[in-house]
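From first to last, the protein sequence lines are chains Z and W.
Each residue of the first sequence is one higher than the one before, counting from 4 in our numbering.
Each residue of the second sequence is one higher than the one before, counting from -14 in our numbering.
These aren't lab readings, by the way, just hints derived from the structure by calculation.
This structure is a prediction, so every number in the text was calculated from the model and none was measured.
C-beta atoms are modelled at their ideal positions from N, C-alpha and C, and glycine is treated no differently.
You may find that some hints are simply not true.
Taking lysine-lysine and the BS3-like style, the derived pairs with C-alpha atoms no more than 25 Å apart in a straight line are [unchecked claim]:
1. W:Lys89 x Z:Lys45
2. Z:Lys45 x W:Lys(-4)
3. W:Lys0 x W:Lys42
4. W:Lys42 x Z:Lys59
5. W:Lys42 x W:Lys89
6. Z:Lys70 x Z:Lys59
7. W:Lys42 x Z:Lys5
8. Z:Lys110 x Z:Lys45
9. Z:Lys70 x W:Lys89
10. Z:Lys70 x Z:Lys5
11. Z:Lys5 x W:Lys(-4)
Okay, the calculated beta carbon distance ranges per label pair [said to hold, decoys possible]:
12. W:Glu53 x Z:Asn97: 17 to 23 Å
13. Z:Tyr42 x W:Asp3: 37 to 43 Å
14. W:Thr(-2) x Z:Ser72: 41 to 47 Å
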Amino acid sequence: QKEVEQNSGPLSVPEGAIASLNCTYSDRVSQSFFWYRQYSGKSPELIMSIYSNGDKEDGRFTAQLNKASQYVSLLIRDSQPSDSATYLCAVGDNDMRFGAGTRLTVKP
Amino acid sequence: GAGVSQSPSNKVTEKGKDVELRCDPISGHTALYWYRQRLGQGLEFLIYFQGNSAPDKSGLPSDRFSAERTGESVSTLTIQRTQQEDSAVYLCASSLVGGAMNEKLFFGSGTQLSVL
Chain Z
4 QKEVEQNSGP LSVPEGAIAS LNCTYSDRVS QSFFWYRQYS GKSPELIMSI
54 YSNGDKEDGR FTAQLNKASQ YVSLLIRDSQ PSDSATYLCA VGDNDMRFGA
104 GTRLTVKP
Chain W
-14 GAGVSQSPSN KVTEKGKDVE LRCDPISGHT ALYWYRQRLG QGLEFLIYFQ
36 GNSAPDKSGL PSDRFSAERT GESVSTLTIQ RTQQEDSAVY LCASSLVGGA
86 MNEKLFFGSG TQLSVL
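Make the full structure from the sequences, and use the hints.
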């Protein structure tokens, strides 16, 4: 069984702070890793994809991948109230599996 | 179409009835996924179609669940003899190509299924 684990939270940070979201996975051969954001009552939307070890930055978002440790994370810098949502980690090359999600609240 | 289309958007049914959910993927997308999301929970993988390959059905929770896809177009998810625990949002997603170095998934708006 392929597992994707996330801290369910909730995670609360003040506006302007860095939010750190973590994810571990069980399938060692996976090559594709994603972070999706899901607002309440809405469908998930892609924030970041990462395929190689190291960091990948896109604006205020940085994804970090460590395949040896089977670990992927998402950092959100200068967090804004509009970032308040559930963040889903997704792993897999064929049958893409999602974690349970971490609920983030950014307080003004 | 412009996006992934799912119908119906809401379905209320009685326990024991069969339901059929429909997904129209983005044209040209060869990969199609079905997920189930219970209230406050994450996305539970159900089934994956990739082109004309045999589907990966490893996530289907019981033999009451089945899905079909015609070529690289419409897919239907059928739940027979529905139970109250089947109540959830059923999300469909498609991507340009599945397999190694997977691509971004585009999600539909989901079907909210309520079993009374």
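The hints, checked one at a time:
1. W:Lys89 x Z:Lys45: holds (17 Å)
2. Z:Lys45 x W:Lys(-4): With Cα atoms ~17 Å apart, lysine 45 of chain Z and lysine -4 of chain W stay inside 25 Å; holds.
3. W:Lys0 x W:Lys42: Distance of about 24 Å is within 25 Å: holds.
4. W:Lys42 x Z:Lys59: Violated, at about 33 Å.
5. W:Lys42 x W:Lys89: Distance ~21 Å between lysine 42 of chain W and lysine 89 of chain W Cα, so the pair holds.
6. Z:Lys70 x Z:Lys59: holds (14 Å)
7. W:Lys42 x Z:Lys5: holds (14 Å)
8. Z:Lys110 x Z:Lys45: holds (21 Å)
9. Z:Lys70 x W:Lys89: holds (20 Å)
10. Z:Lys70 x Z:Lys5: holds (15 Å)
11. Z:Lys5 x W:Lys(-4): With a Cα-Cα distance of about 31 Å, the restraint between lysine 5 of chain Z and lysine -4 of chain W is violated, given a limit of 25 Å.
12. W:Glu53 x Z:Asn97: 17 to 23 Å: At 19 Å between Cβs, range holds.
13. Z:Tyr42 x W:Asp3: 37 to 43 Å: This hint is violated: roughly 32 Å between Cβ atoms.
14. W:Thr(-2) x Z:Ser72: 41 to 47 Å: At 45 Å between Cβs, range holds.
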